[in-house]
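**Q** All chains, full assembly: derive it from the sequences and hints.
One letter stands for each residue in the lines below.
There are 2 protein chains.
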Amino acid sequence: MTFILPQKIVCGSFLRTKGNIMLKIAKFGGTSLATAEQMKKVRDIINADMSRRIIVPSAPGKAHKDDVKITDLLLMIHEKVKMNQSFDNEWDRIVSRFQTMIKDLNLDIDLSSELKTTKDKILSGAGEDYIVSRGEAINGRILAALLGAEFVEAGDVIIINSSGKVHPSSYEKVLSRCSDSGKRYVIPGFYGKNEEGEIRTLSRGGSDVTGAVAANALSADLYENWTDVSGFMMTDPRIIPEAATIQQITYQELRDLAYMGAGVLHDEAIFPVQEKGIPINIRNTNRPLDDGTLILPSRDSSTQKICGISGVKGFTAFTIKKAMRNADLSLSRKIVELFESHDILAEHILSGIDTVTVVVKENGLELKKDKIIEGLKALEVDEVKVDDKMSLVAMVGNGMKFLPNLMTDLFSSLAAEGVTLRMIDFGSSDQNIIIGVDEADHNKAIKGIYKSIPSK
Amino acid sequence: MTFILPQKIVCGSFLRTKGNIMLKIAKFGGTSLATAEQMKKVRDIINADMSRRIIVPSAPGKAHKDDVKITDLLLMIHEKVKMNQSFDNEWDRIVSRFQTMIKDLNLDIDLSSELKTTKDKILSGAGEDYIVSRGEAINGRILAALLGAEFVEAGDVIIINSSGKVHPSSYEKVLSRCSDSGKRYVIPGFYGKNEEGEIRTLSRGGSDVTGAVAANALSADLYENWTDVSGFMMTDPRIIPEAATIQQITYQELRDLAYMGAGVLHDEAIFPVQEKGIPINIRNTNRPLDDGTLILPSRDSSTQKICGISGVKGFTAFTIKKAMRNADLSLSRKIVELFESHDILAEHILSGIDTVTVVVKENGLELKKDKIIEGLKALEVDEVKVDDKMSLVAMVGNGMKFLPNLMTDLFSSLAAEGVTLRMIDFGSSDQNIIIGVDEADHNKAIKGIYKSIPSK
Numbered sequence: 001m002t003f004i005l006p007q008k009i010v011c012g013s014f015l016r017t018k019g020n021i022m023l024k025i026a027k028f029g030g031t032s033l034a035t036a037e038q039m040k041k042v043r044d045i046i047n048a049d050m051s052r053r054i055i056v057p058s059a060p061g062k063a064h065k066d067d068v069k070i071t072d073l074l075l076m077i078h079e080k081v082k083m084n085q086s087f088d089n090e091w092d093r094i095v096s097r098f099q100t101m102i103k104d105l106n107l108d109i110d111l112s113s114e115l116k117t118t119k120d121k122i123l124s125g126a127g128e129d130y131i132v133s134r135g136e137a138i139n140g141r142i143l144a145a146l147l148g149a150e151f152v153e154a155g156d157v158i159i160i161n162s163s164g165k166v167h168p169s170s171y172e173k174v175l176s177r178c179s180d181s182g183k184r185y186v187i188p189g190f191y192g193k194n195e196e197g198e199i200r201t202l203s204r205g206g207s208d209v210t211g212a213v214a215a216n217a218l219s220a221d222l223y224e225n226w227t228d229v230s231g232f233m234m235t236d237p238r239i240i241p242e243a244a245t246i247q248q249i250t251y252q253e254l255r256d257l258a259y260m261g262a263g264v265l266h267d268e269a270i271f272p273v274q275e276k277g278i279p280i281n282i283r284n285t286n287r288p289l290d291d292g293t294l295i296l297p298s299r300d301s302s303t304q305k306i307c308g309i310s311g312v313k314g315f316t317a318f319t320i321k322k323a324m325r326n327a328d329l330s331l332s333r334k335i336v337e338l339f340e341s342h343d344i345l346a347e348h349i350l351s352g353i354d355t356v357t358v359v360v361k362e363n364g365l366e367l368k369k370d371k372i373i374e375g376l377k378a379l380e381v382d383e384v385k386v387d388d389k390m391s392l393v394a395m396v397g398n399g400m401k402f403l404p405n406l407m408t409d410l411f412s413s414l415a416a417e418g419v420t421l422r423m424i425d426f427g428s429s430d431q432n433i434i435i436g437v438d439e440a441d442h443n444k445a446i447k448g449i450y451k452s453i454p455s456k
Numbered sequence: 001m002t003f004i005l006p007q008k009i010v011c012g013s014f015l016r017t018k019g020n021i022m023l024k025i026a027k028f029g030g031t032s033l034a035t036a037e038q039m040k041k042v043r044d045i046i047n048a049d050m051s052r053r054i055i056v057p058s059a060p061g062k063a064h065k066d067d068v069k070i071t072d073l074l075l076m077i078h079e080k081v082k083m084n085q086s087f088d089n090e091w092d093r094i095v096s097r098f099q100t101m102i103k104d105l106n107l108d109i110d111l112s113s114e115l116k117t118t119k120d121k122i123l124s125g126a127g128e129d130y131i132v133s134r135g136e137a138i139n140g141r142i143l144a145a146l147l148g149a150e151f152v153e154a155g156d157v158i159i160i161n162s163s164g165k166v167h168p169s170s171y172e173k174v175l176s177r178c179s180d181s182g183k184r185y186v187i188p189g190f191y192g193k194n195e196e197g198e199i200r201t202l203s204r205g206g207s208d209v210t211g212a213v214a215a216n217a218l219s220a221d222l223y224e225n226w227t228d229v230s231g232f233m234m235t236d237p238r239i240i241p242e243a244a245t246i247q248q249i250t251y252q253e254l255r256d257l258a259y260m261g262a263g264v265l266h267d268e269a270i271f272p273v274q275e276k277g278i279p280i281n282i283r284n285t286n287r288p289l290d291d292g293t294l295i296l297p298s299r300d301s302s303t304q305k306i307c308g309i310s311g312v313k314g315f316t317a318f319t320i321k322k323a324m325r326n327a328d329l330s331l332s333r334k335i336v337e338l339f340e341s342h343d344i345l346a347e348h349i350l351s352g353i354d355t356v357t358v359v360v361k362e363n364g365l366e367l368k369k370d371k372i373i374e375g376l377k378a379l380e381v382d383e384v385k386v387d388d389k390m391s392l393v394a395m396v397g398n399g400m401k402f403l404p405n406l407m408t409d410l411f412s413s414l415a416a417e418g419v420t421l422r423m424i425d426f427g428s429s430d431q432n433i434i435i436g437v438d439e440a441d442h443n444k445a446i447k448g449i450y451k452s453i454p455s456k
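Heads up: the sequence lines are chains F and P, in that order. So the first sequence is residues 1 to 456, counted in UniProt numbering. So the second sequence is residues 1 to 456, counted in UniProt numbering.
Wrong hints could be hidden among the right ones.
[What the hints assert, rightly or not] Covered stretches of chain P, as calculated for chain F (at least 3 residues, CB under 8 Å):
hint: 1; segment: 35-42
hint: 2; segment: 256-262
hint: 3; segment: 319-328
hint: 4; segment: 421-434
Hints are computed from structural coordinates only; laboratory data are not their basis. Glycine included, C-beta positions come from ideal geometry on N, C-alpha and C.
**A** Dropping the structure here:
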């Protein structure tokens, strides 16, 4: 697989450029900003590339293994405020961490009055969203000082609607606020304001979304997402510790892996950049020379068709047997309708010659199961069979139909692991093949699939 | 595979017996009865086993390669009658064939007056069903004479309802008419009477149905179906000339093969015997020592999981792509509903992570295709893709989930044949796996699957 290191190219084939000047958004996660030492790494990374124009920091993560993340301390404060308890311990801990950082970084700023104002606001009844967003807000001030960059109050540019999503008006606000191409800006992640001007947070991990919105707003060439791993692994490293890093993956492939259980960026952090075809680069602050994972609108899959494997447990299969079921034009519809009427999504529908199987998530099913079985029996079928504890595992990639040995390698590898196949659903998309196995075979299935991939 | 020759056992494990006396129904096809020479083989077969109590003959088939089947001659007569043309040529040919047979068999019967009456009835406007059923009716007389058996007028015992199916009252009529356990009976196949007493035929090949009804009526131990092949082949011999004969197969497996395109017994010839768990034995009149194929309620599949392969061309796949389709609880139902509203059966429904595919028969689709695409687009999907000219090929058997190397062998064999897989649908039943391939790959797919079966 050929990998093109984004910062080394000016007019790369997959990176769009504004004339010859590239524009990058760099978001840094909590572990990248947890200590002065980490902050210095971040500073060096940013200073190495002038095209990193907007920096989006998270709140500081754990400074050491037994530490508590700033955001978790803020959540504790919120809990104590609710119960009218003193939160001095937690607050002092937060203040101490920030002050230590400022001192260790030899920064010539004093956040005492800002911290005092914040505490006063909390004491006078500020809401949860205000409280938990202070980690990013204060950290943003420190990072801006460290970089000599302009701090942008997220509340001024990120507008969050009543359902907690970014309002499209944010794009225009970010663009006009960060319009000076000679300047570098720091926008704290995770929060903004609602249309009434109150601080609102995005869902946890929302700094990824802030970065994506900034990338869209400025039509960036690249959205860098700096974290503590050198990109996404091809599969869960708890199952395959030696899993290879994904070098290139498309938005769609990433979403497929995420849907099937992989913990990657959430959809709202992808759609704003996907909309403009902006690549995302997952990078490691602690190993800045690693290429990381590049998420692209499309990729050359000629040498690497498969990009990842993920799996989810907790599915139940309802199988209906009916002789001559194909003579009954309305049977499939009635079956699907029955599940819909119980508010259960038919994740997969399989069919044999005289059978139909509907695979659904077990979550939320228990209380509805008997009613569903009853409903299926009422369709005058010969037999209803329920098989639970199924795990669905997906192999995600591109052009699977045209990889002649893929199925052979896949199924021989699964057989070698001793996996009993409960289902195979392939053909709707040639970008994924979904197999069903016993939950007990979940890890073995992922191992089997992983081993079957020729080049990794 | 162990095969138990039915006529050699008295209390076989799978053959039920009346005390120690077995009871068999033997149906003979047209080629088995086409000439005096063939008739003698039939006589020898029947006389070799006293338990063959009811014999069901078809009309004589072709006596030689360029000959015409009696039933086809009768159809020509019907056509000529409709157009007020003389049918003497065809009639004389029929009379000559029957008279030659009687003479060659040295039978002491004279059917002249019966033949005369028949011709008169045709001339005076007898219906199509009367005309085309005369092959069986007259042949039954000859066979009864040859065997010294009692001729049973099919019209007296087989009652056919207005939709051309056997009325259940037939069972009781056959049972009481053929109650003498010391006698052998000949019931001509293919026809009966309606409730108004008029001659009615079953669909073509209906003699199989007559035999099945007789087997059910007498709760036979075995229903023998004598033909000109030594049982069913595992797959289409035009594709695999060396295809092995199926030794044992269940009713369900047979139906699965038939549904997927294999030309075997039709459903109405199976349900009456399946209902009573009566095995069917497909035998070869020309090779009476061959075991043939035994169709059973269930079989021991421990040594032979796969029993056959069949395939049908002419499918089209409609694929709908919708980002986050799983968030739309009603999408699957709306899609299935759309096809139902166009009177199109969703044969298979496949799903990827953001895609759903509905596979339908092309037959009857052409005029509805554009409307369906329009309807799918109206569901606010991102993309609708139509792929036609797909062939579905099924591997039919038992216990596929527990055959660890089945998938490996199957897909490596398909890859070796150069088959590109368009779909795999497995898991609803562990008795069949259905794959989709380009129609151009149809024969290669069947070859690939056939070669992958370890023991045949």
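**Q** Now tell me if each hint is right for this structure.
**A** Results of checking the hints against the structure:
1. 35-42: As far as the segment 35-42 of chain P goes, the hint is violated, because 0 residues have Cβ atoms under 8 Å from chain F.
2. 256-262: n = 3 at 8 Å, threshold three: holds.
3. 319-328: It holds, with 5 qualifying residues against the three required.
4. 421-434: holds (count 13)
Against the hints set out earlier in the document, a violation occurs for number 1 only.
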